[in-house]
Amino acid sequence: MALGGKLVPFAGWELPVQYEGILAEHRWTRESASLFDVSHMGQVEVSGKDAAGQLETLIPASLQALPEGRTRYAVITNDDGGIVDDLLVTRRADDMFMVLNAARIDADLAWLRSRLPALAFQHRHERALLALQGPMAAAALSEVAPAALELTPFAYGEFDVGGVPCTFSRSGYTGEDGFEIGCDGAAAVAVAEALLARPEVRPAGLGARDSLRLEAGLCLYGNDIDAGTSPVEAGLAWTFGARRKAALEVPGAARIKRELADGPARRRVGLLPEGRGVVRNGAAVRDEAGHEAGVVTSGSFSPSLGVPIAMGYVATHHAEPDTALQLDLRGRQVPARVAALPFVPPRRHRQHPA
Amino acid sequence: MQNYRYTKDHEWVTVDGDLATVGITEYAQDQLGDIVFVELPEIGRTVAAGEEVAVIESVKAASEIYAPVAGRITEINPVLNDAPETVNEDATGSGWFLRIQMTAPGEFDQLLDEAAYLALTGGS
Numbered sequence: 001m002a003l004g005g006k007l008v009p010f011a012g013w014e015l016p017v018q019y020e021g022i023l024a025e026h027r028w029t030r031e032s033a034s035l036f037d038v039s040h041m042g043q044v045e046v047s048g049k050d051a052a053g054q055l056e057t058l059i060p061a062s063l064q065a066l067p068e069g070r071t072r073y074a075v076i077t078n079d080d081g082g083i084v085d086d087l088l089v090t091r092r093a094d095d096m097f098m099v100l101n102a103a104r105i106d107a108d109l110a111w112l113r114s115r116l117p118a119l120a121f122q123h124r125h126e127r128a129l130l131a132l133q134g135p136m137a138a139a140a141l142s143e144v145a146p147a148a149l150e151l152t153p154f155a156y157g158e159f160d161v162g163g164v165p166c167t168f169s170r171s172g173y174t175g176e177d178g179f180e181i182g183c184d185g186a187a188a189v190a191v192a193e194a195l196l197a198r199p200e201v202r203p204a205g206l207g208a209r210d211s212l213r214l215e216a217g218l219c220l221y222g223n224d225i226d227a228g229t230s231p232v233e234a235g236l237a238w239t240f241g242a243r244r245k246a247a248l249e250v251p252g253a254a255r256i257k258r259e260l261a262d263g264p265a266r267r268r269v270g271l272l273p274e275g276r277g278v279v280r281n282g283a284a285v286r287d288e289a290g291h292e293a294g295v296v297t298s299g300s301f302s303p304s305l306g307v308p309i310a311m312g313y314v315a316t317h318h319a320e321p322d323t324a325l326q327l328d329l330r331g332r333q334v335p336a337r338v339a340a341l342p343f344v345p346p347r348r349h350r351q352h353p354a
Numbered sequence: 001m002q003n004y005r006y007t008k009d010h011e012w013v014t015v016d017g018d019l020a021t022v023g024i025t026e027y028a029q030d031q032l033g034d035i036v037f038v039e040l041p042e043i044g045r046t047v048a049a050g051e052e053v054a055v056i057e058s059v060k061a062a063s064e065i066y067a068p069v070a071g072r073i074t075e076i077n078p079v080l081n082d083a084p085e086t087v088n089e090d091a092t093g094s095g096w097f098l099r100i101q102m103t104a105p106g107e108f109d110q111l112l113d114e115a116a117y118l119a120l121t122g123g124s
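Line by line, the protein sequences give chains A and B.
In case it helps, this note's numbering puts the first sequence at residues 1 to 354.
In case it helps, this note's numbering puts the second sequence at residues 1 to 124.
Derived by calculation from the structure, the hints in this document are not laboratory data.
All C-beta atoms, glycine included, are put in the ideal place defined by N, C-alpha and C.
Certain hints may be false.
[As the list claims (entries may be wrong)] Residues from chain B shown here face chain A by an in silico Cβ test under 10 Å; the list is partial:
hint: 1; residue: GLN2
hint: 2; residue: ASP18
hint: 3; residue: VAL36
[What the hints assert, rightly or not] Sample of chain B residues facing chain A (criterion: CB under 7 Å; computed from the structure):
hint: 4; residue: TYR27
hint: 5; residue: ASP30
hint: 6; residue: GLY33
hint: 7; residue: GLU57
hint: 8; residue: VAL59
hint: 9; residue: ARG72
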């Protein structure tokens with residue numbers, strides 16, 4: 001609150017939703033760089049014999065082949081082929097390091113520990129996490145942590161900021177270049193102040209983080225993916241990698257393999273409603289004849305495009321870009337079109353390797 | 001100095017004869033944050049006090065506006081269609097929403113006065 005932000009409670013944390021205003025923070029992130037406090041996210045260290053191989057039994061991603069110092073986006077599946085959580089996994093010298101969604105930490109750890117009793121999972125809740133995001137993020141580090149500039153996208157390293165040991169991953173949730181920086185919670189204010197002292201960097205809250213990730217076509221767990229949605233429907237099968245995809249052995253593999261072979265019944269798509277009314281999470285999607293065709297899972301105003309945007313699931317035969325649909329907006333049917341994701345192309349590096 | 005009255009839903013009302021002008025308060029615009037769209041009613045519509053007449057979209061959420069008094073909508077603010085941010089910039093002036101020809105002008109005096117409204121919002 002020292003920076004004048006608005007706080008809201010979420011999963012037991014008081015979170016900064018906005019400082020200057022969502023629109024201004026969003027635009028500054030796309031033009032320059034913003035610092036987000038995402039310390040609510042779960043930072044978990046995994047150790048034990050063949051930790052990567054063990055994790056692969058629950059995570060359909062190529063973790064054994066992940067080189068030291070590299071980070072990968074992945075999902076954890078459940079027995080129904082749904083998604084327990086989406087996460088970042090990094091191979092470090094002595095362990096595997098995971099970043100989990102705040103609201104899923106307890107569920108994730110319960111699931112992982114029950115299935116992988118030989119591994120040790122340590123939730124480092126005393127660690128803070130700061131996300132520095134935007135085209136000027138690297139420039140902002142040029143003096144405070146110049147060594148971090150050598151990281152390529154999805155690379156991990158450990159560097160000091162003003163004498164504070166920090167973890168750096170060149171990743172983020174905005175579609176921009178950026179870094180996710182972990183440090184001891186007691187030192188987080190000093191690290192944040194060192195970054196905010198740079199003229200390129202301003203603080204941003206979780207309101208802008210949400211509109212940025214939606215423009216970038218990235219999923220929010222609980223909205224766009226959950227225990228019922230499969231990674232295939234969600235368009236996240238690319239995270240499996242070729243080796244895992246060819247011989248998938250994870251919880252729910254039967255459904256996932258079937259959807260990979262036959263195509264899923266529904267797919268996650270972008271939706272562009274006509275007009276300026278913002279269609280939000282939960283709104284029904286109908287075809288032109290008025291028949292049920294899906295559901296909106298995220299919706300917001302796009303500060304970059306100046307129009308409302310949304311994401312949701314539609315029956316596969318409606319999933320082609322430009323398909324005409326209707327979205328429910330307060331009982332009215334608003335014409336909309338299916339749009340290719342992302343709405344705003346990512347810059348500098350791509351999360352999606354296809 | 002015009003006489004402003006308020007509702008517990010953070011609307012302000014001021015009257016000229018039996019014509020009421022309605023908007024949202026400074027407190028409300030600050031709470032809503034960046035306003036990106038205002039859906040206004042049809043001119044000529046007859047509304048009861050407490051009936052939903054408009055919707056404000058901020059980046060994060062949609063909020064309903066209720067008619068503080070009964071009557072007929074005679075005018076809507078044309079500026080808000082292209083520049084909804086006017087509500088953030090000047091909530092109690094050029095960011096007004098609509099005008100209502102009151103059928104029961106006495107309703108105005110039943111609304112909260114400034115002291116009562118400030119007490120409701122914590123007095124700032």
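Hint by hint, here is what the structure shows:
Look at GLN2(B): its Cβ only gets to about 29 Å from chain A, farther than 10 Å, so that hint breaks. Interface hint status for ASP18(B): violated, as the beta-carbon distance to the closest one in chain A is roughly 30 Å, over 10 Å. Below 10 Å, beta-carbon pairs count as interface contacts, and VAL36(B) has one with chain A at about 4 Å; its hint therefore holds. Violation of the interface hint for TYR27(B) is found here, the shortest Cβ-Cβ separation to chain A being roughly 14 Å, above the 7 Å cut-off.
Checking ASP30(B) against chain A: minimum C-beta separation of about 10 Å lies over 7 Å; hint violated. Proximity of GLY33(B) to chain A holds as hinted, the smallest CB-CB distance being about 6 Å (cut-off 7 Å). Below 7 Å, beta-carbon pairs count as interface contacts, and GLU57(B) has one with chain A at about 5 Å; its hint therefore holds. Evaluation of the VAL59(B) hint against chain A yields a held restraint, the C-beta minimum of about 4 Å falling below 7 Å.
Taken as an interface hint, ARG72(B) does not check out: its beta carbon lies about 22 Å from the nearest beta carbon of chain A, beyond 7 Å.
In the structure shown, a violation is registered for the earlier hints numbered 1, 2, 4, 5, 9, in ascending order.
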